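Going down the list, the protein sequences come from chains A and B. Sequential numbering of the first sequence, starting at 2, is according to my numbering. Sequential numbering of the second sequence, starting at 107, is according to my numbering.
Hints listed in this document are in silico derivations from the structure and should not be mistaken for laboratory results. All values reported here derive from a predicted model rather than from experimental measurement. Glycine included, every Cβ here is placed at the ideal spot set by N, Cα and C. Heads up, some of the hints might be wrong.
[Said to hold, decoys possible] Distance ranges between label pairs, derived from CB positions: (1) B:Val233 to A:Leu292: 53 to 61 angstroms; (2) A:Pro8 to B:Tyr306: 45 to 53 angstroms; (3) B:Phe127 to A:His127: 33 to 41 angstroms; (4) A:Ala186 to B:Leu379: 45 to 53 angstroms; (5) B:His345 to A:Gly198: 43 to 51 angstroms; (6) A:Leu291 to B:Ala274: 29 to 37 angstroms; (7) B:Ala196 to A:Leu288: 50 to 58 angstroms; (8) A:Leu292 to B:Leu116: 16 to 24 angstroms; (9) A:Glu276 to B:His345: 21 to 29 angstroms; (10) B:Lys213 to A:Leu169: 47 to 55 angstroms.
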Amino acid sequence: MFDIPLPAVLAQVTIGLINGCFYAMLSMGLAIIFGLLNIINFTHGAQFMMAAFITWIGLNQLGPWLGFPELQLGFWASLVVAPLIVAAVGMGLERLLLRRLAHLDHLYGLLLTFGVALVTEGAFRHGFGVSGQGYDPPEMLQGPIDIGFMMLPRYRLFVVVASLAICLATIWLFERTRLGAYLRAGTENPRLLQAFGINVPVMITLAYGFGVGLAGLAGVLAAPIMQITPLMGGNLLNIIFAVVVIGGLGSISGAMVTGLGLGLIEGITKVVYPEASTVVVFVIMALALLLRPAGLFGRET
Amino acid sequence: MSSTLRLFWLFVAAAILVPFFPQIVYPIFMMKVLCYGLFACAFNLLLGYTGLVSFAHAAFLGSAGYVTGALMIRHADRIGTEVAILAGVATAAAIGAVIGGLAIRRKGIYFAMITLALSQIVYFLAVQFRWTGGEDGLQGIPRGRLFGLVDLTSDNAIYGFTLVVFVAGFLLVHRIIHSPFGQILRAIRDNEPRAISLGYDTDRFKLLAFVLSAAVAGLAGALKALVFQLVSLNDVSLHTSTEVVLMTLLGGLGTIWGPLVGAALVVGLQNYLATLGDMVTIVIGLIFIVCVSFFRLGLVGEFLRLRKSA
Numbered sequence: 002m003f004d005i006p007l008p009a010v011l012a013q014v015t016i017g018l019i020n021g022c023f024y025a026m027l028s029m030g031l032a033i034i035f036g037l038l039n040i041i042n043f044t045h046g047a048q049f050m051m052a053a054f055i056t057w058i059g060l061n062q063l064g065p066w067l068g069f070p071e072l073q074l075g076f077w078a079s080l081v082v083a084p085l086i087v088a089a090v091g092m093g094l095e096r097l098l099l100r101r102l103a104h105l106d107h108l109y110g111l112l113l114t115f116g117v118a119l120v121t122e123g124a125f126r127h128g129f130g131v132s133g134q135g136y137d138p139p140e141m142l143q144g145p146i147d148i149g150f151m152m153l154p155r156y157r158l159f160v161v162v163a164s165l166a167i168c169l170a171t172i173w174l175f176e177r178t179r180l181g182a183y184l185r186a187g188t189e190n191p192r193l194l195q196a197f198g199i200n201v202p203v204m205i206t207l208a209y210g211f212g213v214g215l216a217g218l219a220g221v222l223a224a225p226i227m228q229i230t231p232l233m234g235g236n237l238l239n240i241i242f243a244v245v246v247i248g249g250l251g252s253i254s255g256a257m258v259t260g261l262g263l264g265l266i267e268g269i270t271k272v273v274y275p276e277a278s279t280v281v282v283f284v285i286m287a288l289a290l291l292l293r294p295a296g297l298f299g300r301e302t
Numbered sequence: 107m108s109s110t111l112r113l114f115w116l117f118v119a120a121a122i123l124v125p126f127f128p129q130i131v132y133p134i135f136m137m138k139v140l141c142y143g144l145f146a147c148a149f150n151l152l153l154g155y156t157g158l159v160s161f162a163h164a165a166f167l168g169s170a171g172y173v174t175g176a177l178m179i180r181h182a183d184r185i186g187t188e189v190a191i192l193a194g195v196a197t198a199a200a201i202g203a204v205i206g207g208l209a210i211r212r213k214g215i216y217f218a219m220i221t222l223a224l225s226q227i228v229y230f231l232a233v234q235f236r237w238t239g240g241e242d243g244l245q246g247i248p249r250g251r252l253f254g255l256v257d258l259t260s261d262n263a264i265y266g267f268t269l270v271v272f273v274a275g276f277l278l279v280h281r282i283i284h285s286p287f288g289q290i291l292r293a294i295r296d297n298e299p300r301a302i303s304l305g306y307d308t309d310r311f312k313l314l315a316f317v318l319s320a321a322v323a324g325l326a327g328a329l330k331a332l333v334f335q336l337v338s339l340n341d342v343s344l345h346t347s348t349e350v351v352l353m354t355l356l357g358g359l360g361t362i363w364g365p366l367v368g369a370a371l372v373v374g375l376q377n378y379l380a381t382l383g384d385m386v387t388i389v390i391g392l393i394f395i396v397c398v399s400f401f402r403l404g405l406v407g408e409f410l411r412l413r414k415s416a
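Sequences are here, hints too, so could you generate the full structure?
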């Protein structure tokens, strides 16, 4: 790999780091949802996609739809609004459908969220087609920035910083606040927590909303980088599952570390052996299963 | 003869009549139902009777289809069709052994995610390899001669052959389910710790069930490749893996007839909705939601429950 120019390596490593940020945010959301609901949220990819589309719609379609062509929902507004919308829809889903399955085999929750993902993706495909939509980053984040040893598009730097901040804030929320303590307790022993007078069903709804909201945040951040298509989430989710299997769903910080790490490894693989870059995460998953069946940070469920 | 088998032979008798009355049911539609029905039976062996969720079954269906198709395209004049089918089934079983061997190291939800992730590798390989035709898939697969003797090219010949293979596959799955081995699988499904405490090496049983299921799914895939004379990336995609989950769920998990009924419904629905394009995904998703929320036993399961309570 020594004959490959350094800028190319750095460029791929940056892309890997950015992908890793998305993996981290998405797998943290999955881990949070799994902790309290004991299901794997197959809708996660669709919710990520939904947020990206809301961002795009807010800028390009909302005004004309409502009859005020001047009205636009900019990137910064979307960064707040889109995750909230996605989380609200998610909490509705949890209340109306998922809750009814809570006492059953986890298989049914998995299949239900899967069905919801199909409907969501199908609806967006029906409305917007499969061709990708582009989205320009906000003006203050356009153009490159010199970070000493390389030039980096400003927006990419912003994504890395913002995602890391979001991840760390989430960990802080879970490890250091009272609400986080309740959520962790709900993961360990929901009945006992309820006996202490905590409204566990509300905690479950909140946890689902929070996990989905993280996917929404990731979706908004991804809008200016990825092609916005109805399939963007589904494709990503396959990799996220592998990440989650490697890291285990038991630890939120574990999900973050694994996500970032695998993004970097994927980026480096793209430099060293491009053909393998699409499968490297899955191969690592297979190896991890052979060597550490319980997951790096996991505990057997 | 049990009532299930009596009903089955009745179904076979009706299926034999289909080519004589194409105005009622198209033989090609019937063959599609038989292929997917066998595929769903294989899947049901795993999900319905062993309690394992696999999102990798398209990898078995597709890989067997690719191997059978590629062999027939290159060597149809030298080998009988049965050799190509066996090679396809063996490939599916081998991939099943690898994916199953890795996936049984984890339980429940992780199992499902591992099968999903590993089946992605098979998909990527199908895109990358040259002999699979990449994005184009394999087209114009010759049906060849069975044992070098029976020409399968004509529509009636392939119909008869499809029916025979389906019957063999269905009876095999039926036999497995009702064998002592099948009883142990159900014990594992209902209470794995208890099965372990009774001294069964449950991992071995689960792996064997996985490989058997993969092999039968491969049989369905090889058959489908010959019937339609094409294999495409769709056959190894997650989309197909989820279709088979839907078929089994809609028909009824853990029932003998469920997968076949579900396959007929889903295939019929696809034909019916083919003109609607993207709406198919939405409708299939809605069926998923309705099935899971309101009738988890599936059509056959609910029917059996009503008959029992009546």
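* Determine which of the earlier numbered hints do not hold for this structure and return their numbers in increasing order. => 1, 2, 7, 8 and 10
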